[in-house]
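Undergrad: Residue numbers (our numbering), protein chains in the order written: chain A, 11 to 325; chain B, 5 to 464.
Hints may be right or wrong, so weigh each one.
[What the hints assert, rightly or not] A few chain B residues facing chain A, derived, Cβ under 10 Å:
#1 346
#2 348
#3 350
#4 353
#5 358
#6 365
#7 462
[Stated by the list, open to error] Across the chosen pairs, the derived CB separations fall in these ranges:
#8 85(A) - 459(B): 35 to 43 Å
#9 295(B) - 207(A): 35 to 43 Å
#10 205(A) - 459(B): 25 to 33 Å
#11 287(B) - 87(A): 21 to 29 Å
#12 263(B) - 264(A): 44 to 52 Å
Honestly, the hints are just simulated from the structure, not real lab data. If you're wondering where the values come from, they're calculated on a predicted model, not measured in any experiment. For each residue, glycine too, the CB sits at the ideal point set by N, CA and C.
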Amino acid sequence: MARNFFTVMRSSAPSSTAARPSSSSRSTAPPPPNMKEAPAAGVGVHLDPSLEAVRHDLTEDIEMALELREVSAFYGTFQAVDKISLPIPKNRVTALIGPSGCGKSTLLRCLNRMNDLIPGARVEGEIRFEERNLIDPTVDAVEVRRRIGMVFQKPNPFPKSIYENVAFGARINGYSGDMDRLVEDALRRAALWDEVKDELDKSGLALSGGQQQRLCIARAIAVQPEIILMDEPASALDPVATLKIEDLMRELAEHYTIVVVTHNMQQAGRVSDYTAFLLAGEERVGRLVEFGPTQEIFTNPLDQRTEDYITGRYG
Amino acid sequence: MSAATPSAQLTAYAPRVRVRRGISVGFMVIALLAITVSILMLGALIVEIAVDGAARLFTDGGAVSVEARDGSIVSDLPTPEGMGWLSWVLPIAILLPFVGPRVVHSVAHGVVHGVPRVAERLMGLAVVAPVAVFLHILYVRFESAYFIEYAKAVDIDGATGNVLQLFGEASGFQVVRLVIMGIGLPLALLLMGWFWSHRMRKPSLLIPAILIGAWIVYLFMDPWFLSSYPSRSPSGAGIFSAVTGTFYMMTITAAIAFPLGVGAAVYLEEYARRNWFSRMIQVNISNLAGVPSIIYGLLGLQVFVRVLEFERSVLAGACTMALLVMPIIIVSAQEALRTVPPSMREAAYAVGATRWQVVRHHVLPYAFGGMLTGNILAMSRAIGETAPLIAIGALTFIAFLADSPTDDFTVMPIQIYNWVARPQAGFHEIAASAIIVLMVILLLMNAAAIIMRQRTRTDW
Ligand SMILES: Nc1ncnc2c1ncn2[C@@H]1O[C@H](COP(=O)(O)OP(=O)(O)OP(=O)(O)O)[C@@H](O)[C@H]1O
Ligand SMILES: [Mg+2]
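Same shape as in the complex, but just chain A:
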């Protein structure tokens, strides 16, 4: 089922890289120089010529956590995102990159119905999640959000104790197990336990920005979601905290599907397995330009605009 959708983008390109692009090779041979000039004739296949989205082969046979089909998002009459089709591979890190205002956050918020909370916001299209279209109004948004967690760009711990911050989600979802262990476990996984284990009563707001962000990650994983959405989780952090969070993402990817928005190309290269590049045109409507294994996107981009963007020449 998951594969069907992507057969369209089967390509004739040699599957040069191994199964996990992040693990195997930064040293793939550079692509033939003419590739970018004539993408249509080369590796990827345009799903819809008018959108000019180009996709790489997935390089591994993998289950999809989510499948976006022609997802459009509107704020009132303003269209922020136009017909984006994208797979989100399971237990992998998928990065969304693109210049500011191209609709990355908007797209991310579509994935767990967060846009429902914005008056006037509207989402069209289909997001397949376990045989259901989670955009469908009959799907319970609360359930969706419980299973698809989110870490926000700006750390937003509750003004409650560290313990309560982590325990809240589990408690309201009727968790009846050992709460202390759950809290400890979540904090350990978020690499925060050692720093706060003696002061779990302290207000979450009294932590540093980096600690707050890790607390928010602990809060997100404490409800044991299947997918975690992260919107520039490291944008307000120093390099050390950033690295901690990146390590954390790699670890989490063993059990969770992660979608991360980032402006930091090195970070996208370091943590993600797959990358989607979005771009907004003149009318500020965000569209997908290219999607594929991070390795491919970074070493062998099929679209000139992708290459320009990731090499910092864009605009």
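Chain A is fixed; fit chain B with the ligands onto it per the hints.
TA: Okay, now just chain B with the ligands, sitting in the frame of chain A:
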């Protein structure tokens, strides 16, 4: 790949530490002080009650007058040696141990936290001054007890006569005194110290000033004024039924208006869709806040007094007042809800909370302080309202305490209105006293609102 490295990466931490320290030395000192004062005050009252001759006393320095049963004042009693100066020296001696550590702490606190020392010390004095005054009074009262004994010994006519009255008709007096002196003031001191010893945003003399003002009023006022019912003669009239009526009505008003107002605000802010209907409600609430209060009075007269047959009761008054203050409570509660950042709601939704869970566990608790503040301010508006209560027919001569919500009642502004409207000058004077009492109550309520606002503010 030297690509876009957001400069934000190096802006690093933005620690937003909320000051919430444990119990500080200052707090403990103040708490000790307040507890001691409470014990002293209660002790004084017990002594006063126990000593037979606690008649109506006018304390004036060391000299004491005793009112005899026929109303004549026996003054110029001989002053025992040393009484005059002792009445001041003793309190100061008692206070020194408290003042010492207090000043030391304030200096240390100023050094550590950078609060200007002068301001700290001034505030220290502000705490101490009323206590000194109190101890002085206390001492004089002990003296007075001595004088009563003395008067009895020298057989001044009627010196024991007032004892009966003390425990008879006006025993409510002792209760009021017990509350004000024994609980109210120590609590106020405690609150002030708590508020002050934790770092305030802006050290303020407001609270101590109000407390001292209340003290001065209390000192200059004949305490019987607070504990007497209205009377035909100005000298015997008091505002006991008006004060209790006011508190009775306000309690019921708050009990009705606060839950309804907060509920309406939560509905409008968190649940209602932004459509023409909710906008219309919103506009109307704002308009209702501006409707003249007499209109509410007429509404209350028809709806509560006549149709619902509450008669001219406390309940009818409270319902009318609840209607009157509801728009204020709703608007201020909405404002409090809006101060909760959307990111808090998003955070809660993102872990799978339902709308009600978000409101119940996050939005309401974070906005509660602000809502309470708004409620107190609304109550302080209601406490001074006269017109609607006149419209529903609150009485002015109530010589008993309401003991059920369906009893007749009066409130302070109506009592004042009634006294001012009388021809005798004596009533004008007691009206002025009643206005001062009302003002002190209002100031205390507003001060409480300010404290609450300061204390419950969260830095997001
Ligand atoms: N709540 C909103 N109401 C109306 N328009 C919005 C809203 N949020 C975002 N937009 C618009 O939608 C477009 C996409 O915004 P979005 O926040 O998704 O961008 P982004 O790619 O995340 O940018 P950045 O990298 O700066 O975070 C922008 O043009 C923005 O102005
Ligand atoms: Mg964004």
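Undergrad: Evaluate each hint against the coordinates.
TA: Each hint tested on the structure:
The beta carbon of residue 346(B) is positioned within 10 Å of a beta carbon in chain A (closest approach about 8 Å), and the interface hint is therefore held. The interface hint given for residue 348(B) holds, since its Cβ lies 6 Å from the closest Cβ of chain A, which is under the 10 Å cut-off. At its closest, the beta carbon of residue 350(B) sits 7 Å from a beta carbon of chain A; the interface hint therefore holds under the 10 Å criterion. At about 6 Å, the closest approach between the beta carbon of residue 353(B) and any beta carbon in chain A falls short of 10 Å, and the interface hint on this residue holds.
Interface restraint check for residue 358(B): the shortest CB-CB distance to chain A comes to about 5 Å, inside 10 Å, so the restraint holds. The restraint placing residue 365(B) at the interface with chain A holds, with a minimum CB-CB distance near 7 Å, inside the 10 Å limit. Nearest Cβ of chain A to the Cβ of residue 462(B): about 5 Å, under the 10 Å cut. The hint holds. Checked against the hint of 35 to 43 Å, the pair residue 85(A) and residue 459(B) passes, with Cβ atoms roughly 38 Å apart.
Checked against the hint of 35 to 43 Å, the C-beta distance between residue 295(B) and residue 207(A) comes to roughly 58 Å, which is inconsistent with it. For residue 205(A) and residue 459(B), the hinted distance range of 25 to 33 Å is satisfied, since their beta carbons lie about 29 Å from each other. Roughly 25 Å separates the CB atoms of residue 287(B) and residue 87(A), a value that falls within the hinted 21 to 29 Å. Here the CB-CB span from residue 263(B) to residue 264(A) is close to 50 Å, well matched to the stated 44 to 52 Å.
Comparing the model with each earlier hint shows a violation of hint 9 alone; every other hint is respected.
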